[in-house]
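Protein chains in written order, with this note's numbering: chain A, 248 to 490; chain U, 1087 to 1257.
Watch out, some of these pointers could steer you wrong.
What the hints assert, rightly or not - Restricting the straight-line Cα-Cα distance to at most 20 Å, the calculated cross-link-like pairs of lysine to aspartate or glutamate (DMTMM-like) are:
#, chain 1, residue 1, chain 2, residue 2
1, U, Lys1248, A, Glu262
2, A, Lys300, U, Glu1188
3, U, Lys1246, A, Glu262
To be verified - If the Cβ cut is set under 8 Å, some of the chain U residues that face chain A in the computed set are:
#, residue
4, Val1106
5, His1108
6, Leu1134
7, Val1216
8, Tyr1220
Since the hints were derived computationally from the structure, they do not count as laboratory data. The structure presented is a predicted model; accordingly, all values stated were derived computationally and were not measured. For each residue, glycine too, the CB sits at the ideal point set by N, CA and C.
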Amino acid sequence: MSGSGKAMNCDAFKEGILADPSATFEGAGHAAACNSCAAFQAEVQALDTHILKALAIDVPDLVMPELPRVADDNVVSLPVFRRSRLPGWFAIAASIALAAVVGVRLLGPGADLTLAEEILAHIDHEPGALRVTDVAVTDDRFSAVVRPVTGTMDRNIGLISYAQSCVINGREVPHLVIQGEKGPITLLLMPKEMIDMAQAIEGAGVSGVILPVGNGSIAIIGERDEDLTELERNVIDSVEWSI
Amino acid sequence: MNEIDADRERRKRFDRVAGVFHQDMYRYATWLSRNPDVAEEVVQEALLRAWKSLDALREDEAAKPWLLTIVRRENARYFERKRLETVDIDNLTPAQSAMLAETDDQETDDIRQAIFRLEDDYREPLVLQVLMGYSTKEIAEMMGMQQGAILTRLHRARLKLKDDVEREAAR
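Kindly produce the complete structure, drawing on both the sequences and the hints.
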């Protein structure tokens, strides 16, 4: 301690000022009577100015994640084994966008390219639907989307995490998402959208099919390594058009 | 208020809160992880979690510590999931190198590198105090520690930085 009558000794002051150099530091009065500690305080405060400058790194523009609807909450993070370094929705959306660019391959002649392209473009416009979640949509939600335009569908074909009425080729159709083994799988139930034969849709990272089903068709698109065979069969069995 | 209006209001509130504190979230996440790439991912996850639990935020005035706490948890979850070890200072990613890129202020550059080398236990309270402006009492609450322990860490953090700077100056 370098002076008398001070409430705090120099060591305690220096320890304190290193922990909290702000003006509210309770021992600040000590420096008024001790030149050495006053110099030390100035030194630490100058250091803090540089610390602040060093910490204030450049910040990239805010990129808002795709936010789920409030009613569709309980969205969970992608498990580790499914994650890439980018957020899952971004990777899926990007792969679908690529798929739209790459184009589609048809299983048979005369199939409708435009329908396939529109489906891919539509999925690309609703990336928020393609989330991994363990929460199913409510029965009310499912019924509200499926029943009016479709007829019936057994919702127990899988965990349906998204249900929305959308317009494909000028017709309102149910857009559903089922949680698959490799990621979310898109289903588009398209009554009145009749096609002659099955059409495969392939792109970077995604693949699927448009299946002719009675007086309409059903599109099923998932991650490229997802086995859709059983789901295709179950969907066909479970859907009954009301038209 | 109908459901659509309520959703719109909720979104407006979230945009406002996230817009104001996004920079703080990113900087905090970056200094926690010492990796800008990881920080971006952590902030995305944190924003998503904040959106889902926005109703838990009673007053917007409390948004900053609320968001930073979410960032802190998301960062811990990230490293838990990835099982990442400490940063290898001799093998930096391009993003980390860019973060430590030299500016026209040598002393700030030296301190930034010194902060980068600090142990996590020392770096985090320092960021919360100097960059975020929290008192030692508030930091103790955020980190779930005694105030005395925070004071000790802050004291040691500055002492290390001070020594580093003096060592650099003596070269």
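Now the hints, each set against the structure:
no., hint, verdict
1, U:Lys1248 - A:Glu262, "holds, 13 Å"
2, A:Lys300 - U:Glu1188, "holds, 13 Å"
3, U:Lys1246 - A:Glu262, "holds, 13 Å"
4, Val1106, "violated, 10 Å"
5, His1108, "holds, 4 Å"
6, Leu1134, "holds, 5 Å"
7, Val1216, "holds, 5 Å"
8, Tyr1220, "violated, 11 Å"
In the structure shown, a violation is registered for the earlier hints numbered 4 and 8, in ascending order.
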